[in-house]
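K.L.:
Going down the list, the protein sequences come from chains A and B.
With my numbering applied, the first sequence covers 1 to 405.
With my numbering applied, the second sequence covers 406 to 566.
It is worth saying that the hints were derived from the structure and are not from the lab.
There could be a bad hint or two in this list.
Claimed, not checked - Here are a few chain B residues that sit away from chain A, every Cβ distance over 10 Å (derived from the structure):
hint: 1; residue: Leu434
hint: 2; residue: Leu444
hint: 3; residue: Gly555
What the hints assert, rightly or not - Per label pair, the in silico range of CB-to-CB distance:
hint: 4; chain 1: B; residue 1: Arg426; chain 2: A; residue 2: Glu221; range: 50 to 58 Å
hint: 5; chain 1: B; residue 1: Arg410; chain 2: A; residue 2: Ala34; range: 26 to 34 Å
hint: 6; chain 1: B; residue 1: Phe423; chain 2: A; residue 2: Pro270; range: 32 to 40 Å
hint: 7; chain 1: A; residue 1: Leu214; chain 2: B; residue 2: Asp429; range: 18 to 26 Å
hint: 8; chain 1: B; residue 1: Phe423; chain 2: A; residue 2: Ile25; range: 39 to 47 Å
hint: 9; chain 1: B; residue 1: Thr462; chain 2: A; residue 2: Thr107; range: 29 to 37 Å
hint: 10; chain 1: B; residue 1: Val458; chain 2: A; residue 2: Leu183; range: 56 to 64 Å
hint: 11; chain 1: A; residue 1: Ala312; chain 2: B; residue 2: Pro451; range: 21 to 29 Å
Being a predicted model, the structure only gives us computed values, none of them experimental.
Where is the CB? At the ideal position from N, CA and C, for every residue including glycine.
If you want the building blocks of each chain, they are given just below.
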Amino acid sequence: MSLAAAAPGPGTLVELGLVFLGLGILARFAGRVALSPIPFYLLAGLVIGSGRVPDLRLSEEFITTAAEIGVLLLLFALGLEYSGEELGVALRSQVPAGVLDAASNFTPGLLAGLALGWSALSAVLLGGITYISSSGVISKLLADLGRLGNRETPVVLGILVIEDLAMAMYLPVVSVLLLGEDLEDATVAVVVALAAVLVFLAAAIRYGERASALLHSRSDEVLLLMTLGLVLLVGGAAIRLQVSAAVGAFLLGIALAGPARDRVAELVEPLRTLFAATFFLFFGLQIDAADLVPVLGVAALLAVVTSVTKVAVGWWAAARAGIAERGRARAGTVLIARGEFSIVIAGLATGAAGVHPDLASTAAAYVLCTALAGALVTRFADPLAERLVLGGRPPRTGGTRRTVT
Amino acid sequence: MTEVRETPLPGVGLRYDFTTRSGDRLGVLVHHGGRRSLLVYSAEDPDACRATVDLDTEDAITLAELLGAAHIGQSLAAMQQEVQGLAIDWLTVAPSSPAVGRSLAELAVHTRTGVSVVAVLRGSETLPAPGADTRLEAGDTIVGVGTAEGMQRLYGLLESG
Numbered sequence: 001m002s003l004a005a006a007a008p009g010p011g012t013l014v015e016l017g018l019v020f021l022g023l024g025i026l027a028r029f030a031g032r033v034a035l036s037p038i039p040f041y042l043l044a045g046l047v048i049g050s051g052r053v054p055d056l057r058l059s060e061e062f063i064t065t066a067a068e069i070g071v072l073l074l075l076f077a078l079g080l081e082y083s084g085e086e087l088g089v090a091l092r093s094q095v096p097a098g099v100l101d102a103a104s105n106f107t108p109g110l111l112a113g114l115a116l117g118w119s120a121l122s123a124v125l126l127g128g129i130t131y132i133s134s135s136g137v138i139s140k141l142l143a144d145l146g147r148l149g150n151r152e153t154p155v156v157l158g159i160l161v162i163e164d165l166a167m168a169m170y171l172p173v174v175s176v177l178l179l180g181e182d183l184e185d186a187t188v189a190v191v192v193a194l195a196a197v198l199v200f201l202a203a204a205i206r207y208g209e210r211a212s213a214l215l216h217s218r219s220d221e222v223l224l225l226m227t228l229g230l231v232l233l234v235g236g237a238a239i240r241l242q243v244s245a246a247v248g249a250f251l252l253g254i255a256l257a258g259p260a261r262d263r264v265a266e267l268v269e270p271l272r273t274l275f276a277a278t279f280f281l282f283f284g285l286q287i288d289a290a291d292l293v294p295v296l297g298v299a300a301l302l303a304v305v306t307s308v309t310k311v312a313v314g315w316w317a318a319a320r321a322g323i324a325e326r327g328r329a330r331a332g333t334v335l336i337a338r339g340e341f342s343i344v345i346a347g348l349a350t351g352a353a354g355v356h357p358d359l360a361s362t363a364a365a366y367v368l369c370t371a372l373a374g375a376l377v378t379r380f381a382d383p384l385a386e387r388l389v390l391g392g393r394p395p396r397t398g399g400t401r402r403t404v405t
Numbered sequence: 406m407t408e409v410r411e412t413p414l415p416g417v418g419l420r421y422d423f424t425t426r427s428g429d430r431l432g433v434l435v436h437h438g439g440r441r442s443l444l445v446y447s448a449e450d451p452d453a454c455r456a457t458v459d460l461d462t463e464d465a466i467t468l469a470e471l472l473g474a475a476h477i478g479q480s481l482a483a484m485q486q487e488v489q490g491l492a493i494d495w496l497t498v499a500p501s502s503p504a505v506g507r508s509l510a511e512l513a514v515h516t517r518t519g520v521s522v523v524a525v526l527r528g529s530e531t532l533p534a535p536g537a538d539t540r541l542e543a544g545d546t547i548v549g550v551g552t553a554e555g556m557q558r559l560y561g562l563l564e565s566g
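This is chain A alone, in the form it adopts within the complex (with noise of 0.2 Å):
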């Protein structure tokens, strides 16, 4: 019987049921203050991994599959949140702000690793750390403080749709600079994988429809099973092509479209939250607590210098669609926090030759200032921009209450 042999033992069981059910006592505990779970899984990670609590040995190779897993849903369900004409109407509105973005986020952590003496690799990675904004927590926080039908939102929206095309472009570029190859092989890489994305993004735009049509299924289970087998399939073959196999999710999230699309992202969310929480807590368990010690000043004053960066472009943005200081203050803030692509870019180069050992450190040590700093700062948007703009001009009638969904 080797399906027995093969089979894990009560211990690994035991193991794996007492990380999910430590991950979702964390998850319960950051809902009741209202906080977003990734840091705290994070946490979890960094605690288990520095040895304070007995190693998990006997699940390792599940859990170091199932985080692999848990990136390819998470870039396949933001593709999916986006549909090819979402991303057109985010183009035409708020590329000069993607752009002002880009540049005044991605600087600050590209200088920093330059100052400390990193390659120009491991540089680069920390700018892509600090340029994303982590549209998992950012949508959640605008659900939560009931802010999804106010007049700024589509301007912080279109921000976050123009960074996740960013890293369409960016990850495949990363992710053919860490395979260290000289100069010349590598340009010629980056061109063809650059190429392969612009052209299966057209080709999705195009006829993302009809192919779902042959995907969808009036079957739940015949459609969920298809979709995870695509999105590992597609990942795996976007690995060959050099392309990261992250990349080839997300772009397969695009592609789908049509009645397909909304079905798909409900049956995969579960799964995503599932795998996605095993991801955060394996990249913590990589990092020893004590490594983040030296690297907390560094994390801090960069999440205090991205922080600034964020509210301006924030601030700017909704400026030129003509909302008030008040409205300014509140996307400003809310793109500060930092999470799951942070995470993400440093995972990928997590044991890569030519990347600082202080990268994964770094990266996790910044989202866990940003992601908290972020969900609170932005909850005193309001009486911020009162104090700080408004010259501590009270509200007219009552102050703004909103009504918590």
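On the provided structure of chain A, position chain B as indicated by the hints.
P.N.:
Same frame as chain A, now just chain B:
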């Protein structure tokens, strides 16, 4: 017709909003999954929502029915389109009307206006397909079917006999 603005929200859905005649701003957010949120904008910060009410499909239908005047208007308009030139109208018999106390036959409603009286609404009571000897009372509502000009003549008949 009030101007309704449509704004796409990438990853969320579509937002519709308009300003009411009294100056309040209202909106409806249609999420990708079909869920709807009713949005009430704040007066002192027009960019923010004072209240957001989440509605599932059934809630949304209930609310639409409660606000149903437009609904009835629409179905009537549809009916009029179906039969070209046909008008349906509700006319009230004023207490001062010379028609009070007289029967439909005495008024010769059909002969003089071409309008068929399909019902008379009296208080909470409905008299469907009233006979020629039905006498009108003050406050009755006459439901008539005919041409638009016929309706005008019936109106004049009720006003001045």
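K.L.:
All hints, please: hold or fail.
P.N.:
Status of each hint after checking the structure:
1. Leu434: violated, 5 Å
2. Leu444: With a cut-off of 10 Å, B/Leu444 comes too close to chain A, as the shortest Cβ separation is near 4 Å.
3. Gly555: Given a closest Cβ separation of 48 Å, the condition holds.
4. B/Arg426 x A/Glu221: 50 to 58 Å: Once the Cβ atoms are compared, 51 Å apart, the range 50 to 58 Å for A/Glu221 and B/Arg426 holds.
5. B/Arg410 x A/Ala34: 26 to 34 Å: holds, 31 Å
6. B/Phe423 x A/Pro270: 32 to 40 Å: Distance hint for B/Phe423, A/Pro270 holds at roughly 37 Å.
7. A/Leu214 x B/Asp429: 18 to 26 Å: violated, 48 Å
8. B/Phe423 x A/Ile25: 39 to 47 Å: holds, 46 Å
9. B/Thr462 x A/Thr107: 29 to 37 Å: violated, 47 Å
10. B/Val458 x A/Leu183: 56 to 64 Å: Holds: the Cβ-Cβ distance is about 58 Å, inside 56 to 64 Å.
11. A/Ala312 x B/Pro451: 21 to 29 Å: holds, 23 Å
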